[in-house]
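Asker: Each chain, letter by letter, is given below.
Protein chains: 2
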Amino acid sequence: VVLYDRLVAEEILHMCRQDAERIHVGKQRSNHTMPQQDISRLLVELAQQGKRVLRLKGGDPFIFGRGGEEIAELAAANIPFQVVPGITAASGCASYAGIPLTHRDYSQSVRFVTGHLKDDTCDLNWPHLVEEGQTLVFYMGLISLPVICRELINHGMSADMPIALVQQGTTPNQKVYTGTLATMPALIASSEVQAPTLIIVGEVVRLHDQLKWQ
Amino acid sequence: VVLYDRLVAEEILHMCRQDAERIHVGKQRSNHTMPQQDISRLLVELAQQGKRVLRLKGGDPFIFGRGGEEIAELAAANIPFQVVPGITAASGCASYAGIPLTHRDYSQSVRFVTGHLKDDTCDLNWPHLVEEGQTLVFYMGLISLPVICRELINHGMSADMPIALVQQGTTPNQKVYTGTLATMPALIASSEVQAPTLIIVGEVVRLHDQLKWQ
Numbered sequence: 742v743v744l745y746d747r748l749v750a751e752e753i754l755h756m757c758r759q760d761a762e763r764i765h766v767g768k769q770r771s772n773h774t775m776p777q778q779d780i781s782r783l784l785v786e787l788a789q790q791g792k793r794v795l796r797l798k799g800g801d802p803f804i805f806g807r808g809g810e811e812i813a814e815l816a817a818a819n820i821p822f823q824v825v826p827g828i829t830a831a832s833g834c835a836s837y838a839g840i841p842l843t844h845r846d847y848s849q850s851v852r853f854v855t856g857h858l859k860d861d862t863c864d865l866n867w868p869h870l871v872e873e874g875q876t877l878v879f880y881m882g883l884i885s886l887p888v889i890c891r892e893l894i895n896h897g898m899s900a901d902m903p904i905a906l907v908q909q910g911t912t913p914n915q916k917v918y919t920g921t922l923a924t925m926p927a928l929i930a931s932s933e934v935q936a937p938t939l940i941i942v943g944e945v946v947r948l949h950d951q952l953k954w955q
Numbered sequence: 742v743v744l745y746d747r748l749v750a751e752e753i754l755h756m757c758r759q760d761a762e763r764i765h766v767g768k769q770r771s772n773h774t775m776p777q778q779d780i781s782r783l784l785v786e787l788a789q790q791g792k793r794v795l796r797l798k799g800g801d802p803f804i805f806g807r808g809g810e811e812i813a814e815l816a817a818a819n820i821p822f823q824v825v826p827g828i829t830a831a832s833g834c835a836s837y838a839g840i841p842l843t844h845r846d847y848s849q850s851v852r853f854v855t856g857h858l859k860d861d862t863c864d865l866n867w868p869h870l871v872e873e874g875q876t877l878v879f880y881m882g883l884i885s886l887p888v889i890c891r892e893l894i895n896h897g898m899s900a901d902m903p904i905a906l907v908q909q910g911t912t913p914n915q916k917v918y919t920g921t922l923a924t925m926p927a928l929i930a931s932s933e934v935q936a937p938t939l940i941i942v943g944e945v946v947r948l949h950d951q952l953k954w955q
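Listed in order, the protein sequences are those of chains D and R.
Residue 742 is where the first sequence starts when you use this note's numbering, and the numbers rise one by one after that.
Residue 742 is where the second sequence starts when you use this note's numbering, and the numbers rise one by one after that.
Watch out, some of these pointers could steer you wrong.
[Stated by the list, open to error] EDC-like, lysine to aspartate or glutamate: derived pairs with alpha carbons at most 20 Å apart:
no.: 1; chain 1: R; residue 1: K953; chain 2: D; residue 2: E752
no.: 2; chain 1: D; residue 1: K953; chain 2: D; residue 2: D846
no.: 3; chain 1: R; residue 1: K798; chain 2: R; residue 2: D746
no.: 4; chain 1: D; residue 1: K953; chain 2: R; residue 2: E814
no.: 5; chain 1: R; residue 1: K792; chain 2: R; residue 2: E762
no.: 6; chain 1: R; residue 1: K916; chain 2: R; residue 2: E892
no.: 7; chain 1: D; residue 1: K916; chain 2: D; residue 2: E892
no.: 8; chain 1: D; residue 1: K798; chain 2: D; residue 2: D846
no.: 9; chain 1: R; residue 1: K953; chain 2: D; residue 2: D846
no.: 10; chain 1: D; residue 1: K953; chain 2: R; residue 2: E892
no.: 11; chain 1: D; residue 1: K798; chain 2: D; residue 2: E786
no.: 12; chain 1: D; residue 1: K798; chain 2: D; residue 2: D779
Just so you know, these hints were derived from the structure itself, not from any lab.
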């Protein structure tokens, strides 16, 4: 039996055994098909029924994927499991957008944070996010984009800092919007941007014009 | 023709066309088989000879992989290219060590830095690395491990903060050492740790005991 998320591509599902039962447990922002703890419980129940269970996630299970919570339930129930790493959204979107996340000349470190803010408040540690030579990647940041741009500027980042928003990255519908912290909110407001998106902030975004190949 | 790095597994090379020419350009710390700019130049030359060139790297080309520098040469020479993302060492080692890089209860962000310090000096921005709710991942940090532990403590991180060193992660030779910032340097000094290694610092390391499955 296969439990799969909303963002798992049809082509990937086709690689599963054709006679395997499929259960869509996919999430959408504030609209979970199945709450996280029900997913974990279902994994345990199916395994205890003697079934061979595949939990298929988009991206990497251990980077904003809540894989740790799911296997904790398995471990607590003494159910053996394996974890297969995946291409996290930052790697996939960066590659297909032609934006290196690190680069000798521009960025010696990269940081992944989530822009999916609880209660629409913004509890990120802004002073720590503003640092030279660092690339910032925001997962699930579309709705928070105006806040992200505003707070980074308020905390000392240059308003001219390049920013890219990658829409539906790695898919045939990929679209890359680039601008600066100052210009991006208006650009996005006037565009029909659709989730899922990934936001990249940093000097490396300057390389997109030269390195884009899609 | 295939240009491959030292850390590309034999099993991966076997997946290449058997009649393809193979060139080992692999790097080792302070012992590059071929300097980076020679690799970039060779890519261009081979392509200009009309050859179909595969540049095979370990990990992800855009995260401490210098992929951006190599494709910049290609772009400058008007050579078309594609970039295929890879499983970066942090994802691979985390999955096979049972250490989630983010977790609702412990870490809301993850940061990748390189512990490969120029001239054996340490120019990391230590105050910014010390932050609650953040997982730190050091690539190539074995030699710098004592400095990393000392400086993180000096800049305010708890000496009891858990740290893991993953040796030869994702391979059959994987070994995971865990301790605290205070205990790790002595533990490593008395062990026969071999590169490549990846270092994970943060509360998430506590989950290893429960979630390790290898």
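Asker: Against each hint, give a clear statement of whether it holds in the structure.
Answerer: Each hint tested on the structure:
no., hint, verdict
1, R:K953 to D:E752, "violated, 31 Å"
2, D:K953 to D:D846, "holds, 18 Å"
3, R:K798 to R:D746, "holds, 5 Å"
4, D:K953 to R:E814, "holds, 13 Å"
5, R:K792 to R:E762, "holds, 10 Å"
6, R:K916 to R:E892, "violated, 25 Å"
7, D:K916 to D:E892, "violated, 25 Å"
8, D:K798 to D:D846, "violated, 34 Å"
9, R:K953 to D:D846, "violated, 38 Å"
10, D:K953 to R:E892, "violated, 39 Å"
11, D:K798 to D:E786, "holds, 19 Å"
12, D:K798 to D:D779, "holds, 16 Å"
Checked against the numbered hints given earlier, this structure breaks hints 1, 6, 7, 8, 9, 10; the rest are met.
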